[in-house]
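Q: Same order as they appear, the protein sequences are chains A and B. Here the first sequence is numbered in the numbering used here, starting from 710 and rising by one per residue. Here the second sequence is numbered in the numbering used here, starting from 3 and rising by one per residue.
Simulated from the structure, these hints should not be mistaken for lab results. Treat the numbers as computed from the prediction; the structure is a model and nothing was measured. One or more of the hints may lead you astray.
Label pairs and their in silico Cβ distance ranges [unchecked claim]:
#, chain 1, residue 1, chain 2, residue 2, range
1, B, LEU90, A, VAL766, 32 to 40 Å
2, A, GLN916, B, VAL33, 39 to 47 Å
3, B, GLY171, A, LEU749, 53 to 61 Å
4, B, PRO253, A, ILE753, 25 to 33 Å
5, B, SER73, A, GLU798, 49 to 57 Å
6, A, VAL931, B, GLY164, 19 to 27 Å
7, B, PRO101, A, TRP919, 40 to 48 Å
Note that CB positions come from ideal geometry on N, CA and C, so glycine has one too.
Chain by chain, the residues run as shown.
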Amino acid sequence: MSTVLQSDSKTAPATPPGHSIKAKQSLGSRVKRLNIPGGLGGWIWLAIIIVPIYYIVITSLKTSEGYFGQNPLALPTAPTLENYQLVLEANFATYFMNSVIVTLGSVIPTVLISFMAAFAIVRGRGRYLKFVNGMFLMGLAIPLQATIIPIYLMIIRLNLYDSLLAIMLPSIAFAIPLTVLILSNFIRDVPNELFESMRLDGCSDWQTMWRLALPLTRPAIVTVAIYNGLHVWNGFLLPLVLTQSPGLRVLPLGLWTFQGEFSVNIPAVLASVVLSTLPILVIYVLGRRQLVSGLTAGFSK
Amino acid sequence: MSSTTTHRAATASRKIEQTGQQKSALAWLTVPALIFFVVFALAPLVGVLVLSFANWDGIGAIGAAGLENWSSVLSDPGLYNALGLTFLIMIVSWLVQTPISLLLGVFTAGTQRYRAALAVLYFLPLLLSSAAVAIAYKALLDPNFGLAVGLGLPFLAQDWLGVPQLALGLVIFVIAWQFVPFHTLIYQGGVRQIPKSLYEAAQIDGAGIIKQFFHITLPQLKYTIITSSTLMVVGSLTYFDLIFVLTGGGPGNSTRILALDMYLRGFRANLMGPASVIAVILVVIGLVLALFLQRLGGKDKQGSQLEGL
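Given these sequences and hints, build the entire structure.
A: Encoded structure:
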């Protein structure tokens, strides 16, 4: 490789010859940091991300006069929360509670049973566990939305149609493959000596799992919990197909119907968008470090 | 993995006995996850194949249909329209998202504070549900009160949802807007795992950043690229929510991808049999694509590549 990379004066003009290697290195790394096209691209993408979000937030604070009269990107002259009030009066508290129930009711069982399975897959051996692992890996490659029709049929037959449980059961099943995968990657990183010493202390596998593996993989557990939570919280197809009553709507579904009813009142529609995202934003702010580092570790291996 | 259960201190017979015990004890731990997965993911997978040979309107009794659904769907031009659109959106999305995510991933992997701050903001679209994103974009694209006026860019004031090509372009853009952040994150992690010594060596040899990118970063990211592409490509089969809320498949059928076609046939037209045929096609495409992309990673790396997923 070194012959290929030798002396390219065009792309490294800021590295003059004759410097000591150390100086060259620090200078070279500074040159690398001053990546102008990269920086430009980074800021352009930031604008692409931020302008729509800025528009959503400020418009949700505008009165209808402000919406129709002002420049769309100008800050509201008379900021108001009346749109939010309207949204809250449209039963959003119920949708919010439903989303909380469905999300917690899916994520907690998912993480718990996936952790147990991941522990067994990493620590145990034998053909059965290999087979189970292979099956979960295959689950990753299947677009599980394609199974919605049989799920609908099963939920009807189980007399669960139009209930929150109907959303939770398939959500758990869909989340298991990826959760097991990420957790087993992390459990594998636990040094074997620790397991050995637990065994020498006379701990059973069950105790080792809860007292050793669980605390040591807590960052990964937080990661998968947030990641799965995000998916379930934002899920649309399962609630759309498996529930019907307005009282059982989760937020994305509530958002969609609200938009249908209030399509002329854009500030209110956008207020509903902001409100439905707010809880996730709070969790993101609190757990960002964990989520980001966990996700990169889980996917970039 | 298997070496972790080896007990060096134990005698041979005890060893066998213990591993035997441990194996059976540990195997039980997979049972709850397995039950959920088999009942609500694997059984429906078989179920969808069975239903593709059945007559069902979603409410009444289920009857046998033989090959009727398959022949009707396979001779329906709507299927080929949906198939073409699915692949078009998949390929264009990949072509758009991969370079952007890769470059942003390299960019945010730098150690400067402001890049870390930018990375925080990049992640924001991922927090919004697809329904929210679609609803927001409808408002953003309003020709009179949206971005076109706000930014003073008249070319943005188009009938985005009314012209087939524009609607398709819009769908691809919004998908990129929503999912590039996630892939940026994957690439960021990948770039950070590249040994620093490689760059140092290259710098000593006098290689500039462009050469470094093509000769170190890109080859080192091979498996990250495959992981990200697999997620992107298989994920593109399920862009249902966004398109459903944004365009509803329209105008006409110009954004009616397979997943949407399945939903509309099944739950709007109450033709669960034909809809199941579409679902089977979706599953097969997903599996074939995933296997194909794994092959790209090379046979020797296949196992660990799947782990990287």
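Q: State for each hint whether it applies.
A: Going down the list of hints, with the structure as the test:
In this structure the supplied range 32 to 40 Å holds for B/LEU90 paired with A/VAL766, their Cβ-Cβ distance being about 34 Å. Range check, A/GLN916 to B/VAL33: about 19 Å between beta-carbon atoms, so the 39 to 47 Å window is missed. Between B/GLY171 and A/LEU749 the beta carbon distance is about 24 Å. The supplied range of 53 to 61 Å is therefore violated. For B/PRO253 and A/ILE753, the Cβ-Cβ distance of about 30 Å falls inside the hinted range of 25 to 33 Å, so the restraint holds.
Distance hint for B/SER73 and A/GLU798: a CB-CB separation of about 52 Å, consistent with the stated range 49 to 57 Å. Against the hinted window of 19 to 27 Å, the Cβ-Cβ separation of A/VAL931 and B/GLY164 comes to about 45 Å, which falls outside the hint. Between B/PRO101 and A/TRP919 the beta carbon distance is about 45 Å. The supplied range of 40 to 48 Å therefore holds.
Hints 2, 3, 6 from the list above are not met by this structure, while the remaining hints are.
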